[in-house]
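Student: Spelled out from the first residue to the last, the chains are:
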Amino acid sequence: METIASVQNVRLKFPGADSLLFRDFSLSFQKGEKVLIVGPSGSGKSTLLQVLTGLIPNSVEIPIKADDIKIPSSWGFLFQDPDTQFCMPYVDEEIAFVLENLQIPREEMQKYIRYYLEQVGLEFDDIHTKIQTLSGGMKQRLAIASVLALESDTLFLDEPTAMLDPEGTEEVWQTLKKVGKEKTLVIVEHKLDHVIDFVDRFILLGKNGEIIADGRTQEIFHLYKDVLREEGIWYPGVWQDYTEQHRRQTPKSDVGGKNPVLSLNHFSGYRGKNKRIEVENLDVFPGEWITVLGHNGAGKSTLLHALMDLIKSKGSYQILGKDANKIKKLSDYVAFVFQNPEFQFVTNAVYDEIAYTLQLENENPDKVSERVDGLLRSFHLAKQKQNHPYQLSMGQKRRLSVAAAIVKEQPILLLDEPTFGQDAKNTFAILELLDDLRAQGIAIIMVTHDINIVEHFATRVWYIDKGILVHDCAATPYVEAMNDCRLGGQPDANGLFLSRNMAPQN
Amino acid sequence: MQMDFSYRETWLHKINPSLKLLVVVILFIHILSINNINFIITYTVGALVLYMCCTGHSSKNLFLISIPFLFIFLTSSTSMIFFGKGDVTWFKWGLIDITEESFFRGLHLGFRGILFAILGIVFSLTTRPVLLFYSLMQQVKLKPKFAYSFMAAVRLIPIIVEEMQTLRYALKVRGVEGQKGILGFYNKLTAYSIPLLSQSIRRAHRIAVAMEAKRFSDSTYRTYYYKIGFSKFDVLFVLYFILVIVVSYFTSIYLPYFSIQDVRYFN
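Top line first, the protein sequences correspond to chains W and R. According to UniProt numbering, the first sequence is numbered sequentially starting from 1. According to UniProt numbering, the second sequence is numbered sequentially starting from 1.
No lab work stands behind these hints, which were simulated from the structure alone. Computed from a predicted structure; not experimentally measured. Errors might be hidden in some of the hints.
Cut-off 20 angstroms, straight-line C-alpha distance, at most; resulting in silico cross-link-like pairs (EDC-like, lysine to aspartate or glutamate) [said to hold, decoys possible]:
| # | chain 1 | residue 1 | chain 2 | residue 2 |
| --- | --- | --- | --- | --- |
| 1 | R | Lys172 | W | Glu361 |
| 2 | W | Lys13 | W | Glu2 |
| 3 | R | Lys227 | W | Glu107 |
| 4 | R | Lys227 | R | Glu9 |
| 5 | W | Lys31 | W | Glu182 |
| 6 | W | Lys312 | R | Glu162 |
| 7 | R | Lys172 | W | Asp309 |
| 8 | W | Lys397 | R | Glu163 |
| 9 | R | Lys227 | W | Asp24 |
| 10 | R | Lys172 | W | Asp352 |
| 11 | R | Lys172 | W | Glu342 |
| 12 | R | Lys227 | W | Glu108 |
| 13 | W | Lys70 | W | Glu107 |
| 14 | R | Lys188 | W | Glu342 |
| 15 | R | Lys188 | W | Asp352 |
| 16 | W | Lys385 | W | Asp332 |
| 17 | R | Lys85 | R | Glu100 |
| 18 | R | Lys180 | W | Glu361 |
| 19 | W | Lys425 | W | Asp450 |
| 20 | W | Lys425 | W | Asp226 |
| 21 | W | Lys181 | W | Glu2 |
| 22 | W | Lys130 | R | Glu9 |
| 23 | W | Lys130 | R | Glu163 |
| 24 | R | Lys172 | W | Asp92 |
| 25 | W | Lys273 | R | Glu162 |
| 26 | R | Lys145 | W | Glu61 |
| 27 | W | Lys130 | R | Glu162 |
| 28 | W | Lys258 | W | Asp472 |
| 29 | W | Lys367 | W | Asp352 |
| 30 | W | Lys70 | W | Glu151 |
| 31 | W | Lys178 | W | Glu151 |
| 32 | R | Lys172 | W | Glu409 |
| 33 | W | Lys70 | R | Glu163 |
| 34 | R | Lys188 | W | Glu361 |
| 35 | W | Lys329 | W | Glu409 |
Covered by chain R, per the in silico footprint, the following chain W stretches (three or more residues, Cβ under 8 angstroms) [what the hints assert, rightly or not]:
| # | segment |
| --- | --- |
| 36 | 85-98 |
| 37 | 382-390 |
Ideal Cβ placement from N, Cα and C applies to all residues, glycine included.
Okay, chain R solo, but in the shape it has when bound (with noise of 0.2 angstroms):
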């Protein structure tokens, strides 16, 4: 299935993306030294505004990404919940024991992943690889040997898909793909991982002497094609997490939507 990622350009695009890769670097950090329920819900729901309504992707995009976060959430979380240590017991079925302690935790880990999964998908939806690079080349000083591979990569990915899909025709008609069992999944690997790494090692090495002809080298100095520098809107991203911190933690202390404030377990 082709998916439509065109999108709309909003502010979040206009971020330098190395100040953007940072920021979301420190919250990942800050939010696994997060224990209390209560601030970790406010956290999501900010981050979660930020998903839905300034991404610039269409709606119907957003949801079919969200599936497999809410997975992620359903199994983290109930895996906790059913297996997890507690005193209170409110229900117990053979190896399952649902206690008020092993709930709320669950529902804790179930938060953290799915806030994790947010700031990582809006960074990813509002970042342009080759702007990325640009900007790490210019604010932290990236080698452009290793930025440029990169992006040469990146061009290559488009390339393999359209690749796999003639191997899939291929490998159908000589009666691969029907194969069933461990040697069935043996072959069907060696039949897609020989000729797609074959032809990729090609690539890359070709890609590579091509660069080079174009008077590619790791030299000190070189111009950009795009300059990339801070604006007001990095202030203002910077200034949405402090807020979103800040509120969280507020309401974790005054208006708690659970009593309890840290999740894990003392014994």
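In isolation and in its complexed conformation, chain W is listed as follows (with noise of 0.2 angstroms):
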């Protein structure tokens, strides 16, 4: 077998790191290998992929010091992030812009980039579209089609679907199978379910880019399963097991003689002047957990921002029964939390970023520390309350948004995604912190694309189509009849849909 990228004792420190994040590191790969890389945040997955096509130091200017590097002969990257992968506006332009860099003629171009499109599968009734209409899904496509374009042997994808929704997901690896038959592929993935029936090799890190294991996928996934699961891998079977170890029982809330915290009466939101989200009739009860479920701009992050009153909105929309528009601060009785933390944070510590609305409020300051200190706490978060909240890992940032956001004691909670992106340890610590909420007494409305968050966590299930809410039921009788239609092979990409006689709660 013909070696075709390896490196050997590299040795590499970013700049303020204390230790080395290689330390004699030696690796190689041979043609025509599938290869997947997995392991812990700051294992140095990413930095790996990119010493081997050089980028490092290349491009990225870090100390490196190495043996060898042999780097393949042409290769493409594909990066996670769907939005920073292009630099021109249009389809067409994208593509031309890699043809362009090969020094390919003007006149072949056309051809070329119909070529490509065509081999990821996307459609365009005018080449010339904007990259920004694009969804997630097709924006990595257009990307894979563009790596294509470098007609490079060996193909290096870091996370690619990392910041996708199921549906996006799907459709990039199905894509990714079909284009990558022939070629060497090195995966660097924390979500396996879709790659792990693909690859044949399997090298897991340690947390100081340390293999701890590297050999045949099947052998190495039984053998080192504990170790995935430490690492919050999101390895096929995550949840069966997840669910097993904590003995979960389906939460049931008993809303029986209780009085709603939020009802809507032929409620609507709007974006400026269209009519963006429309809700005939709800209540909403303590200690639900509701989930809004729908397809990509449906309207699920629109019903929440009507919810938080940052559109306009029409209609009766009621908190613990008073009207809405008479309430002062809306946020005395509703908490949200956005989908990406960095852009709630306002203060330059933990501790401050919690006790922020309060201190606004002029509460007095041992209570407020006494609050601030439990949710600290029950967050895990007291270690770091010093911290800058840029400074956090990821899991650490959304816990602190939620109890940023929560530390008011609100009865409604409001959350977009809020584990979107994240690995499955910091999504179930999540979870369990918001069901415990729930247990109070809160009411819970999460936008999610996770129907394993449905089956196991929620109560109860919204589901948004076109701008409408079209069904709402009990979160059960929703998870059977997706898994009785599954069973009939019909299933959606997105894995929402409904039979048609689920009736509706209300």
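Could you use the hints to bring the two separately framed chains together as a complex?
Tutor: Encoded structure:
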């Protein structure tokens, strides 16, 4: 077999880091291999890919020392973030950018652009389409097309679906499986569902970039399952293991006899002059966990924005029997957690971040510190309380954003995909925290794409289609109906669909 | 508010962008040397015709865009009219001293401002940034390194706008929006700028790496997806402005609107 890429005795240190990331690290890849690299965050997976392609140190200047680095003669790199792979505004121009770099004559470009788009299954009436209008999955497929335009034999994939919803993830992996058949693939990924059957070699990295295991996929997967679980990798069956280990019962909320915390009647939300979300009639009770499902752009986030009064709305909206329009500060009743936690941070320390809202209202300092310390403990942030919020890890940032939002003990908590991009460990941690809040009587309304959350944590489902809340039912029958449909053999790519006979609750 | 910026392509779009830029810059410099109010009024009308008829944008958008220019016209001319020097006083009230000279000089300033604005906006409404940079690379030999970094930056703008909207919501929820006074302004400034900057720097870095991963290099030779040359429209554009200037010049001499030929004040 021909070695296509290798590194020997690499030593690498990030400026400002205490220790070396790689210490005499050696690894090689053979032609035609499909390799999966898995490891905890900070284990240097992405860095390794950049070293193997020469991006480090050629493009990203990081001190590195090695006996030998063999870079594949032709390679392509697919990055994680769909928004930061492109430098041109239109689809055709982006692929043309690669062709220009390769000095392909102008007359042949149109032909090539159409060919590569077809390879990744993208069809446009006019290839001069704005990249901004594409969904995340389509953007990543466009990125694959421009990588294919490099005509490379080796593809490096750096968590290509980390920022995509289930639908996009499915699309991208199908495309990659098709176009990658003849190529050498080196994949970094922490959602293993779609890749595990596709790769033949499995490399497990440890915390400091050392190789823990390297071998055939199935063997490593079985031998090191505990490590995978410990590291928060989304391996197939992670939910099953989690529920078995924790003996989780699907939560039942007992709404009998309680007064609704939130009632909507002929409620609608507007962006500009356009009606973007419409709800007929709803009551939300304390201790409910409602998951808002629906396709991309259906209006899930818009509903939350309307409930938080961030956009204009019409119709009746009552909180604890009071008209929401007459409530002076809605944030006393409703807490909101955004998808990107960084946007919510307004102070320079974790402690201040949680205390911020209380301090704005000149609460008694003793009371504030008591409440904040309590939250720091229950959200496992006590050790970091003097750190800057931006210094935290992904999971810590997420927990902090929830803690800061709920500090006023509001009865309603709205969350926009709080588990997005989080690893399995952090996801379970945050779900457990939310479940505790729910058990204390807080009503949770949460946008998600993850049907497992619906099955194991939610009590109720709202399904939004094209700006209208079309279904409102309990979580268990929803999941059962979905499983029936799945057995019936018509799974929706998004995992979101309803059988016709499933009646809404009210 | 989302503005609809779709447009119909006109002959102004087909002009070579580098040439268009050069012509506009030359006109800017030329305008600075005009001191005759009669000259500049006809000149402005000539430019206005292009703005109204030839940009291919909807009249609603053109109207909205023109509002700030009217504002520039009013503020720049009134301050000169009210406070400028002059001998023939028309009206005096406290600090305000309107003289014949200051009135015409103010009017002249206003027209100069609005003429600048019209030329600038005609240029930007009819030029796609991508084509401008392609043209600069092909005709002016701008280094691809600079051209593509600008194009990548242009692509980031809508993303930043979207992010600002999200940020505004997030800060409203956190209660930052409601603060008043200097401290409130400072808090708002840091609350907006730090996340936006940190995201943008990260993005810029990632795009740069992605571009190099697509074999972008500063090599001397590359092919171009858009070939940008010259056409009859370029000649038309240059001729149009020569005509406007000639007509303005002769009307200012033979058919002046006002008897004043030079608005400058000499003592």
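Student: Check each numbered hint against the structure and report the violated ones by number, ascending.
Tutor: As far as the earlier hints go, 2, 9, 13, 16, 24, 33, 37 are violated by this structure, in ascending order.
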